[in-house]
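Chains as they are written, first to last, in our numbering: chain X, 1 to 447; chain F, 448 to 894; chain V, 895 to 1341.
Derived from the structure by calculation, the hints contain no laboratory data.
All of these numbers come straight from a predicted model, not from anything done at the bench.
One should not assume that every hint holds.
[Stated by the list, open to error] Quick list of in silico lysine to aspartate or glutamate cross-link-like pairs, EDC-like style, CA-CA up to 16 Å:
id	chain 1	residue 1	chain 2	residue 2
1	X	Lys375	V	Glu1144
2	F	Lys824	X	Asp69
3	V	Lys1271	F	Glu697
4	X	Lys377	V	Glu1144
5	X	Lys377	V	Asp963
6	X	Lys375	V	Asp963
7	V	Lys1271	F	Asp516
Residues per chain are reported as follows:
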Amino acid sequence: MMLMPMDTPLPDPSANALDVGYEMYALVEQLFPICRSITGPGVRETLAILQELVPLEIREVPTGTQVFDWVVPREWQIRDAYIQAPDGQRVVDFQESNLHVVSYSTPVRARMKWKDLQPHLHTLPDEPDRVPYRTSYYQETWGFCLSQCQWITMKRMYGEEAEYEVCIDSTLAPGSLTYGELYLPGSTTDEVVISCHVCHPSLANDNLSGIAVATHLARHVAALPERRYSYRFLFIPGTIGAITWLAQNEANLGRIRHGLVLSLLGIPARTHYKRSRRGDAEIDRAVAHVLKNSGAEFALLDFEPYGYDERQYCSPGLNLPFGCLSRTPYGRYSQYHTSADNLDLVHPEALAGSLAHCATIVEVLEGNGAFVNQKPKCEPQLGRRGLYSAIGGGQEKRNTELALLWVLNQSDGQHTLLDIAERSGLAFKDIRRAADLLLSHQLLTEV
Amino acid sequence: MMLMPMDTPLPDPSANALDVGYEMYALVEQLFPICRSITGPGVRETLAILQELVPLEIREVPTGTQVFDWVVPREWQIRDAYIQAPDGQRVVDFQESNLHVVSYSTPVRARMKWKDLQPHLHTLPDEPDRVPYRTSYYQETWGFCLSQCQWITMKRMYGEEAEYEVCIDSTLAPGSLTYGELYLPGSTTDEVVISCHVCHPSLANDNLSGIAVATHLARHVAALPERRYSYRFLFIPGTIGAITWLAQNEANLGRIRHGLVLSLLGIPARTHYKRSRRGDAEIDRAVAHVLKNSGAEFALLDFEPYGYDERQYCSPGLNLPFGCLSRTPYGRYSQYHTSADNLDLVHPEALAGSLAHCATIVEVLEGNGAFVNQKPKCEPQLGRRGLYSAIGGGQEKRNTELALLWVLNQSDGQHTLLDIAERSGLAFKDIRRAADLLLSHQLLTEV
Amino acid sequence: MMLMPMDTPLPDPSANALDVGYEMYALVEQLFPICRSITGPGVRETLAILQELVPLEIREVPTGTQVFDWVVPREWQIRDAYIQAPDGQRVVDFQESNLHVVSYSTPVRARMKWKDLQPHLHTLPDEPDRVPYRTSYYQETWGFCLSQCQWITMKRMYGEEAEYEVCIDSTLAPGSLTYGELYLPGSTTDEVVISCHVCHPSLANDNLSGIAVATHLARHVAALPERRYSYRFLFIPGTIGAITWLAQNEANLGRIRHGLVLSLLGIPARTHYKRSRRGDAEIDRAVAHVLKNSGAEFALLDFEPYGYDERQYCSPGLNLPFGCLSRTPYGRYSQYHTSADNLDLVHPEALAGSLAHCATIVEVLEGNGAFVNQKPKCEPQLGRRGLYSAIGGGQEKRNTELALLWVLNQSDGQHTLLDIAERSGLAFKDIRRAADLLLSHQLLTEV
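Model the full structure from these sequences, guided by the hints.
Right under this line is the structure:
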């Protein structure tokens, strides 16, 4: 496995990128055993661990709160769940893996025949060793997830007439929906929002990887010497969490300039970026530029209205400029939503590479802008200002000189530095450096 | 030969698609022997046969009528024509094939030497067995068409000094131009026009195939339980017929929303659609969508100002949204305008497939529209309404759910269902079904 | 080497294209020995030779004149320059090649050790036989250019302790910047500007080739029977010459409709056209059309703000529609800016082909225009006017008829003849000929 290239130094110069990758991996390991759902103690426990790294504020929104077309659901607590065979053996056991119980299962305690138990058992016949991850948030039911092998073994060992003791020791009761929010003010109230879902139980890539990268990106942004934008990091349950946050913050959504959903960032596969519904938002172009210049493989995907919380951010009545950064995208890796999405699947190098991409995206967003050339008729004489090599005639222009010429030529107030980077094929940082040089010689002014 | 896929059930549920293909083929057979031209009894006889299937109205426009830059020509009647050799044998004989006489030949009865006859003989040296189809509508002359083999035989058998008896028993006299028109009113006066040329003599693909498909499409549309659009079917002589109809109906052309020229639809080759002059009219996008989703091979062609009557419909002063649907396009099959364009060339399966495409195009035009999501901020809760699967976490979304999400996400009043079908990659009928479901739950309103 | 196709007859019908190619080559030969720079007697001598072929006016702009952000520099004169070894041998000698002295070298006469001489010696280690071309226009210094072989020989023969006699007999003093200008008035004051740089010393392709083609293009344009546009040919020193001309003619720049920089046109490589900053100016589309229809290989390049004087013409405050026509583009051939850019590199056939492209470009610019079909509803009856073949039904339309139909169909005042040529895939001259035919039948009027 190769280390992904790091475009941007991480905040603490003594910690190199891979060290941070291992820190992120350790966080994934620490969070893995917790049984998260869209509400309940698992999310609270998770956010409490993140608070040791970043000063998250924890929000609680009461059950029953109307949020657009939805209502905050009752809170789910799960203590234990099992299926006990006639010989007393617990053949399916929540204590072994929290995937074994369908999330939001109603409580049950009963003795049941095999045939009555069947409708409540979920398996993956094509992946017989894996336990699926299933939920039933909005329809009251209960169920167990188990591997096809477990299912076959039960049937063979105890036969179709056996009676099982079934227990789900859960509570569904008024409480609240919990999420974490971190606001890092910048020199303007224009906002960049980073969002990740925190509602999945023991699945490593989906989305402990996103949580880890978002947390360390927050540390990176917090350590920046200055910020043009304010940054808001949201650690929220999928769908209902995003809807709740959007409904409760509707009045301030106009401040959001750029948004990014982080998910599935731990597999060392090529990075995918799914564009916003707008398709050509600045975030879409910034991420595309960063990925193109990263040297790593990547793919750009058009928006589609399924996936993660970009579904909500990009609903037609909001149409916010949110894209989604993933490695293997939503539903496109074989371990997705199964017990095989475990700690072996996630690699420190992949986490480090993802964080590097995010840091460079922030760098582009912070550095972008449009300028006006103050000597727009013909080229200004750069040589006189020490900006151009004295001896002419050599064949190779240095990137610095090319970047100066590109910025001067395109700076008519209509083209941003990102436009210029894209048109010239030069890296954004070279273009930004050239703009800074020209600004310092009064050859540019900002629009 | 494979049956082309049928996307749409044909009107009579007891008749399957291929049965209708054989009905269309039988119609082609029945019409084949008739000597049609741009005027005269052949067109009238043809339209009378069509009236047995659809309630066509027959229009007669008198010779001399000014129609834009043109004048309705004299009516041509042909009774007999032959070249008789010195030994009394009719070596070229109209009774054998009406292709043997140049259409609109003036009458002639003379004895002529071989060398004087030559300028009036048309052959295809590169296709020595085929008789060409030639016309001289607008310049008074006469001529015979024969195979290169016939020509060589004549020359060898009778020598260059032989004298032939030449007879064309025709009349060119004031009369009228005849065409057929069928108007099927819908709930609005917005019109869809289907046009096909009826002026070619014994050529099967060009255009008895188009006539047969248009006739049976008319039967299909007439049988639809409801129609948003009114439909007008035109069975007209090429060029002068279209010009005549357009000139006489100029005041009402503004009603035309979509138009389609049907031609050359009988060869089991891949379907070609030639776009309208506008290039992005709704008919262009509807046909492209139908062909893409048909599973059959197809090609899209840009507009060019030659071909069939789209030349007239798409002239710059009218610029109507007419495309042309063909299998092998204008002039691009070797039998084009020769005696080889005969009944062997046309296949019931190809006719049936072409009709199916047309019926699906009508379905898309009828079903298209733009809507507004009534819960545009975040997604509405589909599960509560029974529109979403209760158990979450499974990897595969059903097309139904995807279609619902696409329609909701894109329905901001700016995107039609056809836009959404194209963007999503889903079939129009799935998108339309989703819109109907959402309409029934008050989640959409029509623009 | 193949002769490039000539699309346009050259003015004197007795002189065929290749003859003119040899004339251009002879001009390159004649100009080759002269030591040109951005100012000084070399430019004057060059322009005097061109005056024998075209009635150039010579302009002199005094040293110290402010031209936008620049100042016209002092005039440079060079009489002799050499490095003399201890044994009296001139190991580097301006009399052998004017490339040996860095252009604009300040005068020097000194005895120097090898190590002190080093910073003033320029070589090409990777191309050891070639002498580089170097300049120092805007920073006072002096230097010699020599081959790496010469450098090694000096070092081996005389050792590191040898003392050399160094002489540059030059003057840098107030004087003027010289350029040539030829104005050929047309029926309007709308201008086409052809610009080439005349500041390089003994380099054949860069840019004696451009000078030769521009000169003979001027002769061709002067001989045209009529001209819609006025033509201005500029023979100017690179960068400072263009800036000077633009600064002194700023008030009249609004007259410029199309501009073309000619450079590097002598190598028999495929032609490159670099688009203007606008990217879709008429000159960009005209050149692309000419190259596509030339039958020769070519490539189109997007604008970039380095290269030749298009840098100045396309600066953001002017944004004039100038492209650059070259064979091998700026800096992209191995002999670029070295002594290997000599007379062997340039071929009469390549010059002839380049001139032919330029003449055809002029033909397109002159002939382009937008028209309105006077019979825009349906097609006019071309047959009646003798514009359409009398006998119909044949499969192949002649290009003439296709061109007529295309011009009629697209002439709604929105599409130029060049648009129509591009859309139809027909050559511009066929489209123009069709338009002329339609004009003569009152079927078109000019917008």
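Hints, verified against the model:
1. Lys375(X) with Glu1144(V): holds (15 Å)
2. Lys824(F) with Asp69(X): holds (8 Å)
3. Lys1271(V) with Glu697(F): Given that 16 Å is the threshold and the Cα spacing comes to 10 Å, the pair holds.
4. Lys377(X) with Glu1144(V): holds (10 Å)
5. Lys377(X) with Asp963(V): Distance ~8 Å between Lys377(X) and Asp963(V) Cα, so the pair holds.
6. Lys375(X) with Asp963(V): holds (7 Å)
7. Lys1271(V) with Asp516(F): OK: Lys1271(V) and Asp516(F) at ~8 Å, within 16 Å.
The structure shown violates none of the earlier numbered hints.
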